[in-house]
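Q: Heads up: the protein sequence lines correspond to chains A and B, in order. At position 24 of the first sequence the residue is numbered 24 (the working numbering), and the sequence of numbers has no breaks. Quick note, the working numbering runs 356 ahead of the 1-based positions in the second sequence.
Treat the hints as calculated values from the structure; they're not laboratory data. Take the hints with a grain of salt, since some may be wrong.
To be verified - Listed below are several chain A residues computed to face chain B (Cβ distance under 10 Å; list not exhaustive):
1. 70
2. 213
3. 337
To be verified - Residues of chain B placed beyond 10 Å of chain A at every Cβ, according to the derived structure:
4. 377
5. 406
6. 435
7. 445
8. 514
9. 616
10. 617
11. 620
12. 637
13. 641
14. 646
15. 662
16. 669
17. 681
18. 689
19. 700
What the hints assert, rightly or not - No farther apart than 27 Å at their CA atoms in a straight line, the calculated lysine-lysine pairs in the DSS-like style are these:
20. 419/B x 508/B
21. 28/A x 562/B
22. 315/A x 562/B
23. 293/A x 419/B
24. 238/A x 384/B
25. 63/A x 28/A
26. 649/B x 315/A
27. 63/A x 671/B
28. 81/A x 152/A
29. 384/B x 28/A
30. 562/B x 508/B
31. 63/A x 649/B
32. 603/B x 652/B
Every residue, glycine too, gets a C-beta built ideally from N, C-alpha and C.
Number of protein chains: 2
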Amino acid sequence: MSSDRVVVIGGGPGGLAAARAVSDVGTKVLLVEEREQLGGTPIIENYAGLTPRGEPARPQIQKMIDAVSDNPLADVRVGTKVKSLVGDEGAFTLTLEGPGSQGPETLECAAVIIATGFGHFDPGRSTQMYGYYEFPDVITQADLEAMLSEGKVVRPSNGAVPERICFVQCVGSRDRQIGNEYCSKVCCGVASKEAVELRETLPDSKVFIFYIDMRMYGYWENEIYWPAQELHHVQYVKGLITEVLPKGDRLLVRGEDTTMGRPMELLMDLVVLSVGMEPSPGTREMASLLGVKQNKYGFIDAIGSPLDPVGTDRKGIFACGAALGPADLEDTVSSGASAATRAVACVRALSAGAAS
Amino acid sequence: MSSDRVVVIGGGPGGLAAARAVSDVGTKVLLVEEREQLGGTPIIENYAGLTPRGEPARPQIQKMIDAVSDNPLADVRVGTKVKSLVGDEGAFTLTLEGPGSQGPETLECAAVIIATGFGHFDPGRSTQMYGYYEFPDVITQADLEAMLSEGKVVRPSNGAVPERICFVQCVGSRDRQIGNEYCSKVCCGVASKEAVELRETLPDSKVFIFYIDMRMYGYWENEIYWPAQELHHVQYVKGLITEVLPKGDRLLVRGEDTTMGRPMELLMDLVVLSVGMEPSPGTREMASLLGVKQNKYGFIDAIGSPLDPVGTDRKGIFACGAALGPADLEDTVSSGASAATRAVACVRALSAGAAS
């Protein structure tokens with residue numbers, strides 16, 4: 001038995017890009033999403049604007065959803081889980097469990113793309129001294145996205161408008177103590193974008209970003225980093241924040257200003273933790289279920305990287321986007337399309353084989 | 357008249373990835389390269405190892421060349437220039453001028469992918485105080501790649517083995533004075549990779565990297581940056597280098613150590629300038645000839661970025677890799693495949709139209 005179909009697991013930006021690309025080039029694709037809705041993290045976490053240019057996230061992601069939903073070659077199942085995979089490249093049999101009580105369903109496919117993305121680092125882990133679960137005014141970038149999306153940024157503790165807001169970078173990244181030595185790549189850009197949005201929403205606020213290195217690579221440098229400083233007066237301080245403590249009804253942020261070479265203590269109304277990326281539970285689960293190699297952090301290993309950035313160690317199974325590690329949206333979209341071309345090649349190899 | 361073919365302009369990693377992807381999904385592709393050989397910058401500039409993992413560049417790039425050359429759907433023309441393009445998406449007519457005296461040739465195609473890449477910033481521009489054209493022991497990252505590739509790193513001035521070597525980051529990047537406000541994205545990673553290769557080649561050398569921010573994003577952090585410091589003892593100094601002067605038969609490097617907050621002067625045997633990316637002459641020329649929008653730096657503008665990272669403002673014309681701006685190899689390969697899926701969609705739209 002065999003199939004002329006590609007299956008994409010995960011309906012976020014990477015999976016949507018992959019599914020669109022498979023159907024765009026004329027191959028049947030099934031997109032399987034465990035949640036009840038498509039769109040992935042930007043939709044689930046209610047992102048405000050996209051990094052770097054700040055276009056509203058929801059309509060942009062909706063366009064990606066429409067491009068898949070409208071394509072007659074693409075089939076979409078939400079609320080559906082992958083339960084098992086057997087077989088080899090060109091002839092996999094997949095078992096799915098969908099909504100309702102009709103029981104598991106099996107189907108054939110030639111190749112699989114894992115697009116199960118990332119989850120945010122939990123800033124409440126024991127090594128973290130920032131009081132995320134103790135102080136309501138300590139929030140994450142994702143919490144702030146949701147507030148910015150609603151157009152209402154307040155201190156969760158008392159509903160007041162915050163005057164002094166700071167970002168703490170590299171929470172859960174570049175940190176051997178917690179086992180995440182890698183850099184999460186996007187947090188510098190996202191913090192800067194959110195800082196600009198804050199300054200636009202609350203023109204009287206003062207906004208600080210405490211960083212180790214500002215990783216504003218490529219055009220993020222000129223598109224966000226320069227304007228954030230020059231037009232929006234975001235204050236970047238090279239420094240390490242060691243702890244956050246309550247002081248009166250505010251928060252005392254303690255650390256070291258590494259440029260000035262001295263300790264610093266600053267009062268803040270709102271502290272935003274720039275939490276890093278970790279493999280999503282779905283990425284860990286699918287890697288294990290499908291039997292593909294993970295790196296020491298649990299992301300799927302692109303064993304042929306950099307020139308083969310989407311292949312796994314199992315033939316016919318590809319991965320894309322943040323299932324492979326920290327990735328921005330642009331990376332993720334291209335990576336999805338890249339995996340699509342490799343998966344479609346498996347379908348074609350099969351039909352060439354059948355014809356001979 | 358119309359065509360079921362995609363044309364890719366440029367035979368470096370981006371163009372090779374694009375051409376491979378087009379043919380992998382079953383569509384005819386013509387790859388046009390102005391030079392006499394494929395492989396682009398990594399081959400022309402004789403790269404040693406690929407960033408981040410240091411695999412030898414030439415055999416890796418050769419695999420990409422073979423994947424295209426061996427595909428019956430792919431046709432390759434080297435030594436060939438694009439002279440003009442007329443028509444619209446689905447029905448372009450391209451004029452090529454190839455080797456020999458047979459005169460220009462026209463052919464039809466449905467879509468075009470521009471993969472003309474980048475050129476290195478010229479560190480001899482008048483604003484640059486590093487003496488690249490004055491002192492033979494001031495070289496660029498590309499010059500060093502060629503030396504590492506030959507396995508022989510010496511001071512060009514006297515053929516001696518260098519003992520003290522430094523990298524100066526952000527030469528031609530993040531610099532408003534020269535008009536390049538963007539970050540060139542890869543130079544931190546490449547410098548770190550080269551620094552490790554230097555320490556392996558010359559175990560008695562001392563290697564310094566002077567940087568503004570180390571942009572070791574994603575896995576570059578754990579794959580290069582940590583080992584460079586901990587295993588290879590590369591010395592990273594946050595500082596700005598303002599000038600390079602001769603002193604005896606060595607070079608005096610002057611600047612400010614921004615962490616220590618004091619001026620510094622260090623003697624070096626070899627100074628490596630981490631020169632940034634600019635649009636290649638081919639990128640400027642093709643953008644102009646094909647009539648696609650360029651950004652203020654001359655790179656091709658991906659007007660729908662980040663969620664459409666490869667579309668230009670002209671329908672049916674896509675761009676990929678460093679023709680769009682600073683990109684690492686992994687970005688470039690995925691971006692090439694991404695452009696391929698969009699270009700193939702133009703071919704399919706056409707055949708769907710013809711069938712109806």
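Q: Failing hints, ascending?
A: Violated hints: 1, 4, 5, 9, 10, 15, 17, 18, 19, 21, 22, 24, 26, 28, 32; rest satisfied.
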